[in-house]
Structure formats: C-alpha cells, structure tokens
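These protein sequence lines are chains R, W, G and Y, in that order. Its first residue numbered 290, the first sequence is counted upward by one per residue in the working numbering. Its first residue numbered 17, the second sequence is counted upward by one per residue in the working numbering. Its first residue numbered 858, the third sequence is counted upward by one per residue in the working numbering. Its first residue numbered 2, the fourth sequence is counted upward by one per residue in the working numbering.
Possibly wrong hints are sitting among the right ones.
[Unchecked claim] Straight-line distance between alpha carbons at most 30 Å, and here's what the computed BS3-like set of lysine-lysine pairs gives:
1) Lys-165/Y to Lys-526/R
2) Lys-128/Y to Lys-526/R
3) Lys-144/Y to Lys-526/R
4) Lys-653/W to Lys-949/G
5) Lys-269/W to Lys-314/W
No lab work stands behind these hints, which were simulated from the structure alone.
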Amino acid sequence: MRLAYYPGCSLETSAREYNHSVQLVGRLMGVEFHEIPDWSCCGASAGHTTSRLLALALAARNLALAEEMGLDVVAPCAACYQRLALARHELAANPSLWERVNGITGRPFNGTIRVKSIVEMLLSAGTEKIKSLVVRPLRGLKVAAYYGCLLVRPRAIQIDDAENPQVMEKILRAAGAEVVDWTHKTECCGASLAVSNEEVAIPIISRILKAALAAGANCIACACPLCHFNLDIRQAKAKRFLANYRPLPVLYLTQLLGLAMGQGERELGLEAHFVETRSILKMVG
Amino acid sequence: MKRIGVFVCWCGTNIGGVVDVPQVAKAASSFPGVVLATDYKYMCSEPGQELIVQAIREHRLTRVVVAACTPRLHENTFRKTLERAGLNPYLLEIANIREQCAWAHQKQPGRATEKAISLVRRAVAKASRLEPLFASTIPVTRKALVIGGGIAGMQAALDIADAGHQVILVEREPTIGGKMAMLDKTFPTLDCSACICTPKMVAVAQHPSITLYTYAEVEKVEGYVGNFEVTIRQKARSVDHTKCTGCGTCWEKCPTRVPSEFEQGLGTRKAIYVSFPQAVPNKPVIDRRHCRYFAAGKCRVCEKVCPTGAIDYQQGDQLIKEKVGAIVMATGYDLFEWEKVYGEYGYGRYPNVITSLQFERLINASGPTGGKILRPSDGKEPQSVVFVKCVGSRDPAKGKEYCSRICCMYTAKHAHQVLEKLPGARVYVFYMDVRTAGKAYEEFYLRTLQDGAHYIRGRVSKIYPEGDRLIVRGVDTLLGRQVEVGADLVVLATAVVPSRGAAELARLVGISCDQNDFYTEAHPKLRPVEANTAGIFLAGACQGPKDIPDTVAQASAAAAKVCALFSREEMAAEPTVAQVNQFLCYGCLECQKVCPYRAIEPVTVSENAAGKKIERTVASVNSGLCQGCGACTVACKPGAINLKGFSNEQVLAEVDALCL
Amino acid sequence: MSLDSQWEPKIVGFCCNWCSYAGADLAGLNRLSYSPTVRIVRVPCSGRVNPAFIIRAFQRGADAVLVSGCHPGDCHYVSGNYHARRRFLVFKRLLEYVGFEGERLQVRWISGSEGAKFAQTVDELDRKIKALGPNKKMRQEPPGFSGVKDHEG
Amino acid sequence: MATLKLDVENPRELLEYVQRESGQPVEKCYQCGKCTAGCTVAFAFDLMPHQIMHMIRLGLREEILRAQSIWLCTTCVICTARCPQNIDVAAVMETLRILARRQKALPTGKARPVALFNRLFLDSIRKHGRLFELATMVLFNLKSGHLFREAETGWFMWRKGKLKLTPTRPRGTEEIERIFARLQEVEGEEDRR
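Only chain R is shown next, with the shape it has when bound in the complex (with noise of 0.2 Å):
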C-alpha cells in the first residue's frame, strides 16, 4: 500500500516517538510512506476557530499537494486526520465555497483522494496481518484505549460508533493485549486549554485517568499528539485529583503495535514519555 504521509507539525517536534513508530509499524506492514512535499500546518484548532475559510484553506493546501502525488494521504495525529477529513468532507458538500477555496489558496484540490487515520490504515490490511507480524504478544498489558473527540466526532467523519467504538481495541487484541471496558474513551482531554489554562484542564484530565485506573488499566493507547500530552505530561498535575492514583504510562497505539512486532524500546521512543514506560516493558518481556 503506497500513502501519502502527513506528519503536522507535532510529530516533527514534541511527537516524534510517534512519528517514528507510525514509520516502523507502516513499514512492517508494508506500507510505503511518501511524505507530502512541503507539507504545512492542518491550521488545528487555531484555524477553524478563527476562519472557516482560513481552516479550509489550510487543509485544502495539503489535500491538494497529496492530491498532487496521486495518493490517498494518511494523518497519524487525530486532528491533523480531522481537520483534513472534515475539510475534505466540507468541501464536497458545498460546490461554492469549494470553488472559493480553490482560489484563496490557489492550488485546486479535486477531491480525488481520501484521508485515512491511522487506525485505518492498520485495520486495512486485517487483524490477520498485525496478528501474523506479532513476536512479542503483549499479554498483561490491560489497555484502556483511548480515542478521544477527534477520530469519532463530528459524524461525517468519525472512524467508528462515537460513544463506544471498538477498532483500536480490535488492533490491540489482534497484539495479543488485553483491553478494558471502560467508560471515558470518547470523552475530551481538553486540548489545548492543557496550555491556555491548565487549571481548567486538569480535572478533565483527571476524569478520564480516573476512568482509566477504574477500569484496571495499565496502560493508555492514543492515537493523538495532543491528546498524549495532556494524558502524559499533565498526569503529574492531574494525580493530586486522584485518591488511587498509581502511575499510568501513556502510549501510541502504534509504539504498543511496534513492541508487539518485536521493535526496540530505543527504536520506538519509549524513553520520551514523562510517565515511565519501564513497567510496560517488564510486563512485555
């Protein structure tokens, strides 16, 4: 399968152990990845927030650039995959503002290819295929798998049932691991408020570690740079919020596939999570 990466901003700089476990588990798979040519921002939520058009226009560019290679694209960070697939999806619902948008940014997107998530992607090929690429099952991994807003929701978009989806917990399963039933895996991790005002944040973070540590996960699966480092960074400020608190190591979906594929620690970025990730490790063997 040959896709056109779109990193977004994040994976280059505070994301980069997804970045490079997304490339390896790909790889594995046999995907080919061909990075966008000078790719730029989705635009996030600072975009649409601002301007529907400026939003539009944003993620048009990169649609068009993608569209330019010939190749469906894929997005591993949950709003980059939103904001393309919305945008996308916005577009072809209205043939005017389409038009409109095609001249601000002055490189025309068709709309002949498709946006993908990652989790997509990696369903594409079949739980046969991650299931046969597994050396190292992640047997006593108790995973809450955590999708937030941006992979279900708004409908036109989402991946799976916004209140109670299931494919992460398919590929988890089909990595040996097993997942938790629980009840705050669509809920929000507050964005970026984590940064514009953390003392709002906190307590929805804590919602959801809360949930998490009830259901008896060790471990969170995200597909979300942002969502990783509310869950992650903020676990520190969000633990005094918590009467059971036991640390909970915060991982992309793709770093647990690449450990189940045998990939290093080192290789997958492991050591550049603020929650230690050593009892994952020891769990896996």
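Dock chains W, G and Y against chain R, hints included.
Same frame as chain R, but now just chains W, G and Y:
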C-alpha cells in the same frame, strides 16, 4: 330537452342584501333549458321547499337548480325535497351564492350580482347534464374481526359482542391481556392493573359470542366493507388444547429455561410455557425455537409427563377463513429499542439501566422479584433511583419526534412507588416538560413532588458505571448547571412505538400509516376511530400513544361504529362512484395503480370481433369499495372511466359556463 | 369584456369538496372580502382535476386557473392530492414549454380551516393576473371551436 | 445579577446571522440542555451552551459576545453528537467566536489566554508554514505574563529532544502567506458590507 327550474334564495338579507336576487332570477330565465326561474325569501324553509315541490309538478321540471347557501349545508335538504316531488334526488344542483358570493363580496354588490349570475349559469349547465343516480345497497356480514388482544381489543370485542354480534379476536401472543397485564398499578388511581385486566380477559374467553384465536396472526384480508374475507394463521402450539387441562406438569419438568418476554427479560420461562399464571387461555405452547426436541431431536420430557397426552410435536400451522363485515385494529404498541442507539446510556450494557416496562415487572407482586425493587445486577435494594424521561421520544436525532404521552404520568407513578416502598431512598426524575393533561393527573404529579421526588429539568447526557453504581450526568437548566447523580438503578422512559409488524399489517389490511407507522385515522378531528378504508376501525395505541382510559374510550367508540354498521342487514353505498366504459377500456390498469381503495380489479370480457370471439382484460370498479375520489378518471388514458355526479362532460360544461 | 381599461380577469377555481371548498365557504362565513373574479367548480378531490379541464378553461378565455386541495398528507382520499401535485408540476412545465405563462395555473393546498388563506390566495392571483394581462395565447374564439365534443345529454 | 432587557433592537438579526453562518437551525433548540449536560468544559463556563442557544434566539448579542464560554469551548463536539435536534452546537459556538473576533470583542478572564494562544499559533503558521512550538510557547509565556510557566515541562521536553531550536521551514511559505493575505482581503470586504 331538459326542463330546468331555477330557485334563487334571498336568505333574508344575507344574500338579498348584497345580490340583486330578482335580477339573478331574470337572467337565469334566459339560460338554455330553463323553463322557470323564481325567487323566495327562505328557500330552505317549509314554504320554500313546498314552492319547489309545486313548481316541479306544475312545470314538469326534470332538473332543479337552487341558488342559495353552500351545498355543504342544504344539499341533502333539497335532495329530499326533490324526492318528495317524485324526482330523483341527484337531479339537483346548487349554486353557492351566499358563502362564496354575497358574503365575500359585500362591498361590491354590482359585481356580486354579476358573479351570482355566472354561478347560476354554471349550475344550470351542470344540471342539464345530470343523470338520475341510484344508491346501491351492499349486504353486511354482521360479524367483526378484532386484531390484537390487549385492553383495546378486549374492550372492543366485549362491546361488540355485548351488542349481540359475533366477534373473532386474534392475538399473536399465546395469551391475551397485552401490555396492561404486565403493569403493576395504573395511574392516577393506583388501582391494581391485574385486578381490572384479568377479569376482562376471562370475560372475553367466556363470552359466547367471541371466538378467540391466540398464538395466531391475520395473514390475508380481501373484500370490502361489510364483506371482508380474512385468513387467519393459527400457529402450531404443539399442544392439543382440546386435551390439555393446563395442569402445569409439562412446564414444571421442561429442562430449558429462556428469558421471559412477559417478564421483559428479568425472569425466565420454560420452552413449553404459559406467559404468566393468569394467562388466557391458561394452556401452554411450545416455543419451537428453544425446545430441545425441535432443536436437537431429543428430550420429549413434556410428552412423557403429560397426563392427557396433549403434546403434539407434529401439529402444523392451520389456516382459518372467516367472513366478517368490519375490522377493528387494536395492535397496540412496543417500546422503542433504545439499546440500539443510545450509546451515551450504555447501549444496554449496564444491567441496572432498565426500561419503565421492566420496572413495572420489578415492582409487580407477581413479577420476578415478588414486587421487591431490587436492582438486576446484584439483587440489592437501590438507595438512589434515577428516572430519565423522553428516551427516544421528542428526540428526532435518535428516536421519534413525537411525545409518547404516557411517560410523564407513569414516571410520576414509579417515583411515587419507589418512595413508598423504599423509605429513605432518593428519587430523581430528569425531564424536559411535565405533561399531565388528564383528569386528576396534575394532582397526582404534585403529590409525587410532595412525596419527595426531585424533578430535575434537563436531559441526561451520559450514564456510566463507577464502582457498583451508575453516574448519571445531566443538566439542571433551572440552575443553569451541569449536575451528576450517583444511582443504583436508572429507569428509562422509552418511547412508545407501534407494535412490531404494524406497518406490514397495515399493507395487508389496506389502511395507511403515518411516518411513524401509527395507523392513520380518517379525519384527525371528526373521524378519529375510523381508518381511511371503509369498515376498518382503530382502537388504542396502534393509532398513537395513549393511556388506558383513552384506549378504552377509543375501543368503545370503535365498537359503537361497528355496531352502527351492523345495525342493518344492508348498507347504502354512495352512488357517486366511478364507472368503466368497457368498450373504451383497453386494460392498461393505470387506474388500479392510483386507486387508494383497491376498488379496481381486472375482469375478462369476451366479445365478438370480426366474427371471432375474443377475450380481453378490462378494468372494473367495485362500487362497494369505491369512495368516489375520481383519481382513476384522470389516470385513464382512453377516457374510459367516468365519475358519476362529477363526470367529465359535467365539469367541462361548468367550465364553459363560467368562462362565458 | 368590452374595453381593456375595464377588463377584469376571469379565474376558474377547482376546489376539492373536503378542504378547499370548505375553506372558501369559511372565508365567506368570516366575511373576508376577496376579489369576485374567482368562480369555483366543486370537485370531490384535487386528484379529480383532469388537465383537460384546465386547457378547456384557458381555451374558453379563463385568465387563470386555481386548483386547490387538501394539504399533502391530509387528503380525504388518502393520496389524491399527491397525484394532483405531481401531475400539475409536470403539466405546468408543459404549458411553459409551449410558451404559455405558467403563472396562470396555480396549485395550492388550502384546508377547511384556512378561510383567510383562501382569500389571500385569490387576491394574490388576481393581482398577478392583472399585471400579466388577459390570456390571449390559448383563447379560442368563438367558444365551441376547440372541437371538443359536448355530450349534450 | 442585573435585569436583562429583552426588548433589544433587531431581535432576529443575531439569530439569522448565526443560522446563516453556521448553517445550523438554532430555532429548533427546545432547551433540553443535553449540550450542557455532556459538555467537557461547562464547569468552567460563565454561560452554559443551552443558555447561549437561548440568548441567540432572544438576540442578546452583547451578553453572548462577552461570554468566556465561547472561547473555552474545545470543539470536542460532544454537544453536537448528542443533540436530539441535530443542531451542531459546536459549530454555533465557533460562529460566535469568529463573530466576537471580527467584532473586536475583547476576551476577558479565562478567554484571554485562549485568544492569545490562537493568535500566536496562527502567527507562527503564517510565518513558518508550520507550528514552531518552542517560539510559540515562549511568546505565549511572555505575553500572558507568566515567564517561567512550564519551565519544568519545557526542560523535560528539551531533554527528550522534543523541542527544536529552529523552525522547519517548508518551501512554499509564500503560498501560506498568500492564503492569509487573500483571506484578510475577503474578510475585510465582508466586514465592510
């Protein structure tokens, strides 16, 4: 040549004050075919009618035009006048010069007069083309079919039977009683549901005029008002009810347990079972889907223990044909399947989130807990119970747009029952509005408030387990705040929807449904218990969500309508029906496609063509079914169908007259 | 019709017996005044109105035709007004296609309780036709020339 | 709390603007409150989502544009996903936020850092084509007056190689600049109208 008389009415000053009546009469006297044109103060009065009768006789009138008020008021009056004078009543045409002329154009008397003349010209033109029509009669089979054996069907059946007519009651479940038999108490009086429902069930079973088919379904309906022919499928019970005594040994010994429909999944039954101890008939059926013998070919325990040898594994379905004159639809309701769409409430994964009907079983003395409110997960008594209203109702996104009408009251009842049975328990009711229109309903709700139920205005966004409790996350819009309640038990007031299969049954019977599959009444105000097909009547929740008093009232109303239909051996059919000119018809049957009453059927006619006898198909109208809408006349390409009383020639003549 | 300055439109209305005819009655009952240019032919249902009736009206010099029935979903005969709606949508387009002013044919849903709507509809149509002028395109002189045979009973 | 004057001028103007811009049938809102009930951030809001929906109907423009809530909304879209009337409440919030910016309504309280962060974020994109995380964070701390906030976090990220000292500059930054410039033109025109 027709001899037409025109009678222009002054209606006191109502018409005469605006329209120059003598001038209208004068103008009319010159219209083709008019031999007499005259006016009178009040044409509908006794002397006015007498004037018409005399004129008909004196001037040998063959057609009559009355220019007066709307035909919707006095057409029948004047038809009777014609009949008195020995004329066919359908040789009358009315010119509406009051409602549609004098009253509407009071400020322009000159133009009103001009218009009145034009309207009379139209009436004369039509009158000259009127033909005598004769009301036909159709025989009425004085036997009714009632579909559905819940409280609506039982009430309708009993009322019709008590009036001396035969009734066939068909129920698809193994017992009659319906939803009401599952309920614990009824609002607002709190009397015991079983105490008032089970006697009705027994009365139905014992009534000499009622034939009861349980575990049976209507499979086919043919014919028309007064003359339906229905086919009923008696599903195989695998038990010979003529031998069975209902002793109960079989279901005691049956080794297979399955969730009980009657207990709403909170309890179990056996594979051979009666739904509940007071079931009517109180004899079992074998649920073949779950029976070991039918599934694996082994077991036959029931057969071995049956003292009368009533078990009959070979029993097959039976088709029964019945002729009836009227049908009462009483198919009731089901609960909206909330667990398929409400992910935020757990998709039915949390055992302590139950429906209101499950709660009825939980609090029912004959229910799975013996009437103790115990939560399903661990059988503990809940200390905090949350009720959520409008689950599926008033929710276009996930469910239905309409209000289910009964939930506000039964939730108030449930809240009251919890507070009564579990002193010290806390009760929260999340609501959007409290709707208590009904006798003594608001008083009951207020009493529940005083009992200590907390009513929280707002919807619930999420229900999720935390430890062994449920967290209910909602809003109190009166406080303008998010709220959270810890609950041991959550009861969802799920929407009332038509019972499963209602739409298919409607198609089979030939009536229509609204967008929610509730049966459509003939007129929302004036004919609320009739379906839009003659001879079919509606009772209870199949027509829309209803509580028990309204259901019983509608059932009795439907029964009264049936009895009215049955009051004579024959019924008159309106003569203004469609008629096929079979010489012109070439059998395309486009007319059949647009007929809403299935009144058109193909028939084969044989005729001589060039010395050879040939057979061809033509359309034929069943005048018993035809309601005279005329849709077929427009669909007919060769112009072979015409509508009596509104024929093409008549309408064209009217158009011509108006355009002069 | 003598002089153009005195010209008043001639509007033929086909009203279904159950809704629109009752609506017209109600307008009168409430003494709502509207233009006397409309004259109504009572039909059982809007689905009974044959396009031939309308052509005939235009041929005989009607300046406008109003077809009015029960609201969609409220048809006394279940589905008659649906047929009418579909039929006249096509028919109107056909009229326009042959160069006839489509506005001269109006199809409206007026219930028995909508007397005011009936009055408004008529006045609106009256204004529209007054602006449009008399129907000259389809009018045939003298009446009876159309060749449509009258079945004199 | 002060009494609200309901007889505002042009009471439908705001409603019509929001419905047009967001494409959402705000008029369908029947105040069930499910948006507020499930909202991630409502506990920190000054006006609840359902109250905002109600105020739009009433045309209480000033009250709404002054609200911090419209800035604190994370666009998590839970409100939208669960709205029984199929109203995209998040899109309505966004429309209000854009309106507030275009009307130069000054964000107050908790809304201020959100608006600041958004602005710096976009500035960075405009300049570099991509987000330059380090510079954006430093600027944010400078401008919000908390110089050493996140020092620990920053240190950690630095150690783990998660912060870069220089921005990655894709070619095509002039294209991005053009997008921003054209947009300003378009919006300037709209605002004048």
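Here is what the structure says about each hint:
Between the alpha carbons of Lys-165/Y and Lys-526/R the distance comes to roughly 25 Å, so the proposed pair stays at or under 30 Å and holds. Only pairs whose Cα atoms come within 30 Å are accepted, and Lys-128/Y paired with Lys-526/R is rejected, the gap being roughly 33 Å. For the given pair, Lys-144/Y sits about 23 Å from Lys-526/R by alpha-carbon distance, which is consistent with the 30 Å threshold. A threshold of 30 Å between alpha carbons decides the hint, and for Lys-653/W with Lys-949/G the separation of about 19 Å falls inside it, so the pair holds.
The hinted pair formed by Lys-269/W and Lys-314/W meets the criterion: a straight-line CA distance of about 15 Å does not exceed 30 Å.
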